[in-house]
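Construct all of the structure, not just a fragment, from the sequences and the given hints.
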Amino acid sequence: MNSRFTTLLRRRTLWFLIVLLVWVSVLGQGFWSVANLQNLVVAVSVEGVMVMGMTIVMIGGGFDLSIGSVVALSGVIVVKALPLGKPVAVVLALVAASAVGLANGTLITRLRVNPFIATLGTMVVVRGLVMTYTNAQPVPGTDPAFMSLGRATIFGGFPLPGLIFVAAFVLSHMLLTYLKIGREVYALGGNEESARSSGIATDRLKMLSYAICGFTAGISGIVLAARLNTGSPIIGENTALNVITAVLLGGASLSGGVGSAFGSLGGLLCIGLLGNGLNLFDVPAYYQRIAQGFLLLLLVVLERLANRSPQVSTRTVADGRPASGEQPSAGAAGGLSS
Amino acid sequence: MRRRDPVSRQVSRVSALVGREWVWLVLVAVMVLLATTSSNFLTTGNLLNVLRQVSIVGIVAIGVVVVLISSNFDLSVGSILTLAAVVSVQMQPVDPPRTLLAILAPLALGCTVGAANGLIIGLLRANSIIVTVGMQFVVTGCVLLYVAGQHVRVDNATPFYFAVSGGYLFGIPVPVYLFLLVTTLCHLLMTRTLFGRYVRAIGGNAEAARLVGVPVARYVLYAYIISAAGASVSGIILASRVRNLDPTVGIGYEFSALTAVVLGGARLSGGRGNVLHTFAGVLILGVVANGMRLFNLPFNMQLLVQGIILVVAVALGASAKVDER
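Quick mapping for you: the protein sequence lines, in order, are chains D and S.
For what it's worth, the working numbering labels the leading residue of the first sequence as 1, then goes sequentially.
For what it's worth, the working numbering labels the leading residue of the second sequence as 1, then goes sequentially.
Hints listed in this document are in silico derivations from the structure and should not be mistaken for laboratory results.
These numbers come from a predicted model, not from an experiment.
A virtual CB, placed ideally from N, CA and C, is assigned to each residue, including glycine.
There's no promise every hint is true.
What the hints assert, rightly or not - One side only, chain S facing chain D, incomplete, derived with CB under 8 Å:
1. A126
2. I129
3. G141
Claimed, not checked - Away from chain D, derived, C-beta distances all over 12 Å, residues of chain S:
4. V14
5. L25
6. V26
7. T36
8. A229
The structure is reproduced here in structure tokens:
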């Protein structure tokens, strides 16, 4: 395999995106209609906010399976607390969501639990809490004005959730590229031991990244609850895996140290366009799942093939872009190390 | 080095044994607790019921621990279980040849999915979490497509097909025999054969295993086929029991199985793990769920308790220095 091929592979997200965009926008009936674009923006935005939080966690070498449960938790809390006033309800939901993130961080840093299992545990616990609290029944919203948070449009048609997502994207991009703390996250994911020896408070940083991830899941939960005007205890079953797929597609790796907000945005748009395109072509929803699965498998296969080439470029911490499709050869299959 | 007197040597040997076999102690403790608080717990009928109920998730867990020992995850077992169950029912086992088909076809399909997992992960050394999640998406989607999202059912199934889940032999339910059989086979496989030693070596250090001549890719493939076969057997038992299946029936089995495996003290980074301890982990989960039912606690709370058990087990396992096995 020559180096030009690997260079091409390196920008695989971009290529996926271009191919998808051309395919959907040229062949899809009604792609450019306002209603469809609004749908696309909303669909992408709700998961997009969490993608940004997950990007930070995964660059730091972590993993968070609990966000789906947190979406349900924050949605239920915000609807239940509406009688106290909208601002109070929103703050309560965000505090609860961040608290789950902090609990994840505590399990992982203080007790040294593998992130995969720790967040799996909180995922089940939080889901159980929400189900017990609501008795597995959806909580109907009481305040019609609350729905505007999820359904309002601004600038003549741009959905409000889209604006929230843009803000989340800009903030996380700034954090990862311009702030000291962002550099520290890359260092943490690249090599935790050397990050610690060079004076980074790694445990505090990890706690912070999981809290941010929980916080973003809280925002998504509130927006979803507002859109549905319901706090649903069963919502978000597939959220974590969808979000992680987008982040991986965007060039991050499960072993940390690589990835970027821009890359994750690309991964997110790929999945969004794929779903939207299949919708436009009237393909049954089941195919979307199959297509997403194949996308993931294709992704790992390409990444491994790119990695086998002799040309290995060094990863750069500073510019934060994925260098070659790197995945340190840990274990036969790069299983998580505890 | 200071010579130690026989008594203290005995004590340290016992404490090492306790450190190794603590999962059985937890099981006994939970059982004693339930036996003293509920008069219905320690009856033959109830205990057999617990065994019968855990056998489905148990067989899945035994397969998952084999893969985990090779330092890989298998998150596709829930979808393979669904696939096997749905295909088994769709074969409509109303006469003997179709009954045979309803058992062989799901096994063959399930093992094919496992082989695909194993090939991608073994040959390409791809990350097992991503691959098996991707496979889960593909298989779940294909199953939903196959049955158009509808329930599948079989009426008038043959007595043999019923017996897979509902039969009794010497007063013990058939699924329990299957669970014990799978556990015994996998335990022997992991402790007495080359396969077991190779899988452990791969889990301990894949690169070192490769350098000493272990065909890593092939044994990773075998491990995934075993895990998929376990999930398929569970799927067939489930299909035989329910016979009117929702095509999303297998959701969550991978997590329950992982909980049992972790409870059994398997190390997530591979190399270490014990089939019998996983068996005990499965029993703990079953006994706890049974206890909650005996006290009429709502199902949703069982979810909560299972999650707490997982977190506590992992936290304890991670903080305590586990003895070398």
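Hint check:
With a least beta-carbon distance of about 4 Å to chain D, the hint placing A126/S at the interface is held under the 8 Å criterion. Here the hint on I129/S is kept, as its CB sits about 6 Å from the closest CB of chain D, short of 8 Å. Proximity of G141/S to chain D holds as hinted, the smallest CB-CB distance being about 3 Å (cut-off 8 Å). V14/S, annotated as away from the interface, keeps every beta carbon of chain D farther than 12 Å; the closest lies near 27 Å.
The beta carbon of L25/S is kept farther than 12 Å from every beta carbon of chain D, the shortest such distance being approximately 21 Å. Its beta-carbon lying about 17 Å from the closest one in chain D, V26/S satisfies the requirement of being farther than 12 Å from that chain. With a closest Cβ-Cβ approach of about 26 Å to chain D, T36/S is found to remain outside the 12 Å limit, as its non-interface label requires. Every CB of chain D lies more than 12 Å from the CB of A229/S, the least distance being 19 Å, so the non-interface label holds.
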